[in-house]
Amino acid sequence: MTWEFIHYGLGRWVHILFGVMWIGLLYYFNFVQVDAMKKAAADTPPTGAGITKHVAPLALFYFRWAAVGTWVMGAFLLGDKIDEAFLFREAAYVPIGIGAWLGTIMLFNVWVLIWPNQKKILGLKPASDEEKAKARRVAFLASRTNTMLSIPMIFFMSSSALFHRGLFGG
Amino acid sequence: MKNPLDSLWGTVISGLVLTVVLYYLARAIMGG
Chain D
1 MTWEFIHYGL GRWVHILFGV MWIGLLYYFN FVQVDAMKKA AADTPPTGAG
51 ITKHVAPLAL FYFRWAAVGT WVMGAFLLGD KIDEAFLFRE AAYVPIGIGA
101 WLGTIMLFNV WVLIWPNQKK ILGLKPASDE EKAKARRVAF LASRTNTMLS
151 IPMIFFMSSS ALFHRGLFGG
Chain L
171 MKNPLDSLWG TVISGLVLTV VLYYLARAIM GG
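Keeping their order, the protein sequence lines are chains D and L. Here the working numbering is used: the first residue of the first sequence is 1, the next is one more, and so on. Here the working numbering is used: the first residue of the second sequence is 171, the next is one more, and so on.
Read the hints as simulated data drawn from the structure, not as lab findings. For each residue, glycine too, the CB sits at the ideal point set by N, CA and C. Watch out, some of these pointers could steer you wrong.
Claimed, not checked - Okay, derived cross-link-like pairs now, DSBU-like style, lysine-lysine, Cα gap no bigger than 30 Å in a straight line:
#: 1; chain 1: D; residue 1: Lys119; chain 2: L; residue 2: Lys172
#: 2; chain 1: D; residue 1: Lys125; chain 2: D; residue 2: Lys38
#: 3; chain 1: L; residue 1: Lys172; chain 2: D; residue 2: Lys120
#: 4; chain 1: L; residue 1: Lys172; chain 2: D; residue 2: Lys132
#: 5; chain 1: D; residue 1: Lys134; chain 2: D; residue 2: Lys119
#: 6; chain 1: L; residue 1: Lys172; chain 2: D; residue 2: Lys81
#: 7; chain 1: D; residue 1: Lys81; chain 2: D; residue 2: Lys134
#: 8; chain 1: D; residue 1: Lys53; chain 2: D; residue 2: Lys39
#: 9; chain 1: D; residue 1: Lys53; chain 2: D; residue 2: Lys125
#: 10; chain 1: D; residue 1: Lys39; chain 2: L; residue 2: Lys172
#: 11; chain 1: D; residue 1: Lys38; chain 2: D; residue 2: Lys53
#: 12; chain 1: D; residue 1: Lys38; chain 2: L; residue 2: Lys172
#: 13; chain 1: D; residue 1: Lys125; chain 2: D; residue 2: Lys39
#: 14; chain 1: D; residue 1: Lys39; chain 2: D; residue 2: Lys132
Claimed, not checked - Partial list, derived from the structure: chain D residues whose beta carbon lies under 8 Å from chain L:
#: 15; residue: Leu25
#: 16; residue: Tyr27
#: 17; residue: Tyr28
#: 18; residue: Asn30
#: 19; residue: Phe31
#: 20; residue: Pro95
#: 21; residue: Thr145
#: 22; residue: Thr147
#: 23; residue: Met148
#: 24; residue: Ser150
#: 25; residue: Ile151
#: 26; residue: Pro152
Said to hold, decoys possible - Incomplete in silico selection of chain D near chain L, CB under 10 Å:
#: 27; residue: Val94
#: 28; residue: Leu102
#: 29; residue: Phe140
#: 30; residue: Leu149
Construct all of the structure, not just a fragment, from the sequences and the given hints.
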């Protein structure tokens, strides 16, 4: 087994596995859970307790650690070209560099904005009703921001190998 | 003005617009 196979074959495979779990759960939250919880809260009596207690904490666990795994494996794939990508030093690394920046901003949002506020919302960290309402809004907007950023991020991640075939005019 | 991120469609459309903007930005940086 060559280093090239481990680096680009297995490395890309694991990067994509983590990425599917991360973005899959992000889309679950945004396309399914937010709307479902609104409907559950409107029921009499409210029916969302099981989701809050059993589904959301488990989904958030895999979500936030898959985000770390995706980023670490992405950095591993870039290897010693990581500075070329992040600093746009070489034209060939501009598309993947933009994808890497988007992924990094999204990882920041997961750990700094979404997870600490979700802990208050789910009752894993004590918070007043006012703090919970504010946390709900911040976590919601950060999650929606990540959904928005995932669209160009996946474009640049999946198309960066095509730049030399003219997609980016190169 | 309403925040486009409050709706799913607004979020998806914002993402598509951002993709187009970043695509042309990438081309400009690459000198294409």
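Outcome of the hint check:
1. Lys119/D / Lys172/L: OK: Lys119/D and Lys172/L at ~28 Å, within 30 Å.
2. Lys125/D / Lys38/D: holds (22 Å)
3. Lys172/L / Lys120/D: holds (26 Å)
4. Lys172/L / Lys132/D: holds (22 Å)
5. Lys134/D / Lys119/D: holds (13 Å)
6. Lys172/L / Lys81/D: With Cα atoms ~41 Å apart, Lys172/L and Lys81/D exceed 30 Å; violated.
7. Lys81/D / Lys134/D: Not satisfied, since the Cα-Cα distance of roughly 40 Å exceeds 30 Å.
8. Lys53/D / Lys39/D: holds (17 Å)
9. Lys53/D / Lys125/D: Holds, because 14 Å separates the two Cα atoms, which is no more than 30 Å.
10. Lys39/D / Lys172/L: holds (22 Å)
11. Lys38/D / Lys53/D: holds (16 Å)
12. Lys38/D / Lys172/L: Holds: Lys38/D and Lys172/L sit about 19 Å apart, inside 30 Å.
13. Lys125/D / Lys39/D: holds (25 Å)
14. Lys39/D / Lys132/D: Holds - the C-alpha atoms of Lys132/D and Lys39/D are around 19 Å apart, at most 30 Å.
15. Leu25: violated (16 Å)
16. Tyr27: violated (10 Å)
17. Tyr28: violated (13 Å)
18. Asn30: At about 7 Å, which falls below the 8 Å cut-off, the nearest Cβ of chain L leaves the hint on Asn30/D intact, so it holds.
19. Phe31: holds (7 Å)
20. Pro95: Check passed: Cβ of Pro95/D comes within 5 Å of chain L, closer than 8 Å.
21. Thr145: holds (6 Å)
22. Thr147: This hint holds: Thr147/D lies near chain L, its Cβ roughly 5 Å from the closest one there, short of 8 Å.
23. Met148: Holds - the Cβ of Met148/D comes within 8 Å of chain L, reaching about 4 Å at its closest.
24. Ser150: holds (7 Å)
25. Ile151: For Ile151/D, the interface hint holds, since the closest Cβ of chain L sits about 3 Å away, which is under 8 Å.
26. Pro152: holds (4 Å)
27. Val94: This interface hint holds because 5 Å falls under the 10 Å limit.
28. Leu102: holds (8 Å)
29. Phe140: holds (8 Å)
30. Leu149: Since chain L brings a Cβ to about 7 Å from Leu149/D, closer than 10 Å, the hint holds.
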